[in-house]
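S.K.: Listed below, chain by chain, are the residues.
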Amino acid sequence: MKSFFMPTPKKIMLCVLAVCYGAFLLTSCSKQGSVHLITPPQLPANSITSTQIKGGTLKGVMLSDSTYSVSGDVTVLPNDSLLIQPGATIYVVNNSAFYVQGTIVSNGTKDKPVLFTSTAKKPGDWGGFQCDSAKAVTFKWTKIDWAGGPDSTGSPRQTITVSSPVNVDIEDCWLLDGQDNGIGIMGPAKINILRNTIDGEGTTDGEGIDLHNGPTGAIAYNVIWGGAGSAIKVFTSTTLQIPQTNVDVYNNTVVDNGFRRGAAEPGRGILVDAFATARVYNNLIVNNYDGLDITPTADTATVKYGNNYFYATVDSLRHNYYPAGSFGKPQPSDIISSASTVDDPMFVNYPTNPPNPSLRVNPDDLHLKPGSPAFGKGNSHYNNDIGAYTSDGKGNQH
Amino acid sequence: MEKTIILISFLVCGYFSTAAQGSVIKGSIYDKTSKDPVVGAYIYLDTVTNGEISDQKGVYEFKNVSQGVHTIYVKYIGYLSQQKMTHVRGNSIVKINFYLDEKTEEISAVNVFGKLDAASEVSSRIAEKNAGNITNIISATAIERSPDINAANVLKRLSGITLEGNSSSDEAYAIIRGMGPRYNNVLINGIQIPSPDEKLRSVPLNIIPSNLLQKITVSKTLMPSMEGDAIGGTIDLSMRNAPDSFSVTANASIGYSQVFFHRRFIYFPTKDIQKESPLQRNPPGYAAQPGDFSRSNLDFQTKQALPNGTLGLTFSDRFFNKKAGIVIADNMQNLYLGDKSQFAAVSLENEFISDQLRPIEISNNVSSTHELNNGLIAHLDYELNDKNQFNINNFFLYTYIAQARLSTDTTLVGTGRTGPGTGQVFLNDRSLTQKQYIENVEISGRHLLLNDHLSLDWSGVWSEAGKHSPDRATLTNDFLINPDYSKTPVYFNSIERIWQKNNDHDYTGRINLSYRGKAGINSTLELKAGGLFRSKSRYNLQDLYTLRPPTTNSNGSNTSGKPVFTDIYHTQWSVFNSAGSGIYDPNNYRATEQVSATYIQGRWEISNMEISGGVRAEKTFQHFKTSKQSVTALSEEYINYLDVLPSIHFKYKLTRKTNLRLSYFKSISRPNYYELVPYTIRGLDYIESGNPNLKHAVANNFDFRYEIYPGGEQQFFAGVFYKIIQNPIELGLVNEGLNSGQVYYTPENYGTAHNYGLELAFMKYFGNIGFEGNYTYTHSAITTPKILYYGANHDHYLKQIDSLHVSETRPLQGQSDNVVNLSLLYKNTAAHFYAQLSYQYIGETLSQVSIYYNSDYYQQPVSYLSLSLQKELGAHFTIQGKFNNLLNSSTIVKAQGALIVSRYTYGPSYQLNLKYIF
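Going down the list, the sequences are from chains A and B.
Going by this note's numbering, the letters in the first sequence line up with residues 1 to 398, in that order.
Going by this note's numbering, the letters in the second sequence line up with residues 1 to 918, in that order.
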């Protein structure tokens with residue numbers, strides 16, 4: 001060992017080499033090189049020039065009282081907008097969908113609603129409005145029928161879905177017979193979901209209105225009938241509890257929901273669950289599998305509820321107004337019918353009694369007859385009446 | 001495969017042997033210290049030309065020996081030569097044994113073609129001692145004696161190595177000194193092989209039968225001549241090579257898994273499984289019909305499990321004046337495996353208040369797997385003369401599994417649960433059949449030039465790997481346990497059918513030129529330069545169908561929701577996505593990768609010091625393409641980068657039997673293929689996505705080690721290591737700000753990780769009893785963002801990123817803190833008996849990284865015990881018993897110290913093996 005440290009010319013040379021090499025080590029590098037991402041060519045979006053839309057990027061205006069046919073997926077790019085004028089009718093075929101990254105405004109009116117429909121008229125015929133990263137979403141006086149067809153991974157699509165933190169206004173619309181959720185808000189959007197009629201959503205699964213991961217705003221004056229799952233589901237997430245879903249759910253009429261998903265996973269009239277909070281008032285909750293379920297995992301410290309009206313024509317459903325295990329309990333301000341003859345809300349016409357899950361088109365007229373116990377029993381902060389059809393004319397206009 | 005068969009038939013037909021009579025001199029050759037038989041020694045009678053080689057048991061025999069006095073000489077590299085004289089009378093048998101002394105001096109570095117039986121443990125120690133870099137070698141002898149049946153079992157006995165499970169929980173991928181599978185590479189005969197996995201680079205080691213292995217070399221430091229994409233290390237599997245004599249070995253074993261003493265084996269008929277999906281077997285635009293999907297593969301039945309069996313055959317010989325050598329070995333394993341597992345989905349109890357976790361769903365799984373492994377190797381070499389040698393190696397691994405998994409998921413947090421024992425229950429029954437293969441054909445040559453001072457070796461390799469998993473079918477049903485504990489009927493929810501197929505193939509060319517010579521009186525010099533080019537292409541194809549209850553019944557009217565499930569033959573369904581997912585499935589991609597590398601390396605030995613090192617440059621070019629998810633989505637990319645990887649290794653020989661080593665090397669780790677693919681899969685709470693901007697990891701590695709080689713199989717070493725890893729790849733959540741609404745779960749580069757630790761290993765014999773053991777301590781640290789609502793946190797030392805995220809420092813995924821292996825060996829050479837009792841302890845291991853602060857999943861410390869016994873019966877037979885997992889150890893994973901996230905139990909297994917050596 002000693003001999004090794006004795007300097008000889010050879011060892012000196014070795015040391016020099018080692019030092020040179022050391023210098024090389026310190027200066028050598030790994031070059032990151034280049035990453036070349038092939039961004040798909042973004043041709044300027046096609047303005048609408050024909051009533052036959054074959055798909056691709058699209059912007060512009062669908063004209064009043066015109067009929068369009070969409071036969072391929074349509075994308076509205078982030079800086080573009082698609083405007084649909086009153087009275088336009090759009091037939092969507094080939095399981096096509098609208099992918100909205102920019103702005104969509106469907107501007108129907110009471111006299112001239114916009115209609116999106118399919119030709120085959122079966123649930124799941126087309127893909128609906130996939131507005132995950134949209135800039136703004138507005139639907140007014142628009143009928144959207146038969147959406148919910150599968151996406152590329154085989155999952156069902158919601159009739160209208162939004163994930164981005166933008167304004168979502170869905171007012172006075174009709175959603176009929178989608179295969180999955182009617183309206184699914186999957187992120188912290190600011191929502192106004194007002195005065196809509198949602199019938200027969202979901203074949204074996206799906207909610208009328210499904211909120212996840214932080215939407216805020218109001219769900220009011222909607223009539224939701226005969227859905228597979230819950231009429232209104234207010235949910236944050238068990239895994240990502242922030243941002244919190246926080247909404248006012250008032251003056252909705254929810255009837256005959258929650259049967260098609262089966263008794264193992266039945267739907268609710270209104271469900272508040274998984275770290276969400278809500279103020280639930282003035283809702284008319286009739287013949288749903290379960291009524292109002294505020295689960296123990298909801299943000300029970302902040303959830304408020306009252307002035308809700310529970311009625312059932314089937315005796316067994318009467319136990320489920322506030323289902324077993326629910327945090328929610330009957331409130332003194334509630335109207336709780338104890339028999340089909342007691343506290344009948346007096347619908348104008350209610351032939352789906354008892355509820356028939358195989359019906360997909362609503363034969364009922366859920367307006368209230370004069371003298372209904374629902375009038376004047378509401379929480380006046382929201383409305384003096386209970387249910388979607390109120391006497392002050394602010395309610396559902398359908 | 002076909003090529004292999006042709007090769008075998010050609011060689012088998014070409015082979016014939018002769019017999020002889022007369023006086024006989026025979027005996028055995030042993031290592032004096034270890035008492036192990038010395039295999040491959042050269043024994044000659046009177047003249048050098050009249051010689052032969054000792055066989056696999058160290059036995060030699062000379063037939064037809066004439067009467068009179070003869071001298072027997074024994075020569076073997078690494079040992080002192082011996083000679084003995086004997087007087088032979090007419091028609092007699094003379095037995096003469098030799099006990100060889102190990103040569104303490106080294107095999108000269110100038111000697112290029114040394115012949116040392118690579119299968120023995122002694123040769124392993126010599127190779128470890130003489131290597132320029134830090135290696136651990138385990139030999140065929142040690143593998144045979146161990147309780148291990150595949151390469152993964154074998155590897156975990158080496159110091160610093162633990163294994164990670166694959167998707168079906170088999171221990172498949174190696175973790176070297178706390179560095180997960182992505183940081184290591186697997187070579188066969190020195191060349192990287194492709195992975196049969198559709199997404200990863202890692203090669204599953206559990207499908208490689210241990211009987212085919214000549215040795216496994218684990219290099220924990222890299223020389224410039226080695227491929228540079230290994231930060232943890234390189235695992236080189238050497239397949240059986242041709243010895244210098246005729247040999248036929250056969251072995252057969254029978255065994256049983258204890259699991260099936262207690263329960264029956266679950267299976268499903270496989271006869272109706274369609275090889276191709278409806279989309280693949282019909283013209284474009286076809287709409288899949290309910291009748292396109294078979295039913296019997298979801299008809300689960302039970303039976304008594306059959307015994308496990310293995311069958312192996314190795315044939316080798318040399319002919320044409322020993323110029324040509326051949327090895328053909330085949331090993332088949334037919335296994336019936338069972339396991340039981342439990343998984344809990346966990347989430348925060350209330351993110352606003354604390355970071356406390358709770359289980360929200362429990363799933364209990366029982367699975368039964370029928371596994372058929374076949375490994376076939378064919379080797380052909382031809383020594384044109386002393387200076388020119390050619391080899392052809394072919395290697396084919398094939399695995400078939402049929403796995404039934406029945407799972408019961410109970411929702412603990414959610415609607416319908418009113419207390420313990422109530423709530424929603426989902427039943428997921430899955431049938432899976434899968435074929436997996438790896439094939440490799442190598443043609444190589446070695447040439448000596450310039451008076452043996454220059455050596456040129458080259459090889460060309462074609463290899464292919466892949467997996468074909470047709471119609472993976474999962475049936476989901478559900479029921480509810482009501483508050484009064486009554487149950488609803490079981491409803492038919494949905495069926496998922498997936499056809500998956502992937503393939504990866506490589507062409508590799510490699511050339512090395514080395515010069516060895518004297519550089520002065522006390523000094524030798526070796527210079528080496530070379531290059532490698534590999535071109536790879538791979539694809540994954542997946543086609544998924546969802547079957548759901550029909551919306552209309554047979555008379556055309558609407559159904560009233562989910563039907564009650566009776567049995568699979570009476571279930572009505574409609575094909576929800578009748579076009580399949582095949583055209584746009586985000587799992588589908590194509591990739592190519594070209595790696596070109598050149599290096600220059602020197603090894604200079606001067607008196608007691610050896611310096612080796614040099615520099616390697618690796619250029620990587622990759623291309624990825626996936627189906628376009630939307631008109632604006634990325635679907636294609638090109639990546640290229642260059643790495644210059646220097647290394648230097650000092651070895652100082654303190655004495656003839658001790659070394660001191662100091663090493664530095666730089667190396668890289670390339671991302672897994674699928675991680676770079678710009679895919680997105682939208683989940684309920686977040687979006688799973690690839691990261692096309694992911695950088696490869698680059699590490700600076702330092703090692704220091706002290707080694708003693710007392711002789712024979714014995715050794716002792718102690719070492720420390722330190723690694724600085726830039727851009728390690730870890731999965732994490734990326735949030736585009738608190739209120740963005742888009743949360744991505746994606747592979748990311750998180751700064752710099754540090755990994756250090758120490759290693760100890762020893763092997764010592766006291767007479768017939770030996771002790772072998774190793775210990776590794778590893779510490780690694782990396783800092784990544786985690787979810788923690790700051791209002792809930794009172795720790796002011798935490799680094800806050802925003803109101804919802806903090807930085808947390810943790811170990812690298814897959815890292816275990818303490819790993820201990822201990823073996824008690826008993827060897828009685830005279831009685832031809834050998835026993836090994838092996839104990840393994842694996843300390844706390846980070847098994848999965850959580851998205852939440854203080855919530856990572858740790859595998860709990862676990863101990864394993866196994867036993868193997870070996871007895872030679874006469875000259876030809878060896879009987880072995882292998883008894884694994886005698887403690888019936890469970891793998892338990894916990895979060896936050898107490899919450900059980902998963903538990904996996906597979907039970908002990910027993911195997912009785914009979915080996916015949918011709």
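Mixed in with the good hints, there may be bad ones.
Unchecked claim - Facing chain B, according to a computed beta carbon distance under 7 Å, are these residues of chain A, among others:
1) 33
2) 35
3) 152
4) 154
5) 204
6) 238
7) 242
8) 325
9) 352
10) 354
11) 379
Unchecked claim - Some chain A residues close to chain B (C-beta under 8 Å, calculated; not the full set):
12) 38
13) 75
14) 77
15) 81
16) 213
17) 240
18) 264
19) 300
These are calculated hints, taken from the structure and not from any lab test.
Glycine included, every Cβ here is placed at the ideal spot set by N, Cα and C.
S.K.: Hint by hint, work out which the structure violates, then give me just those numbers in ascending order.
M.R.: The structure breaks hints 9, 10, 11, 15 and 19; every other hint is satisfied.
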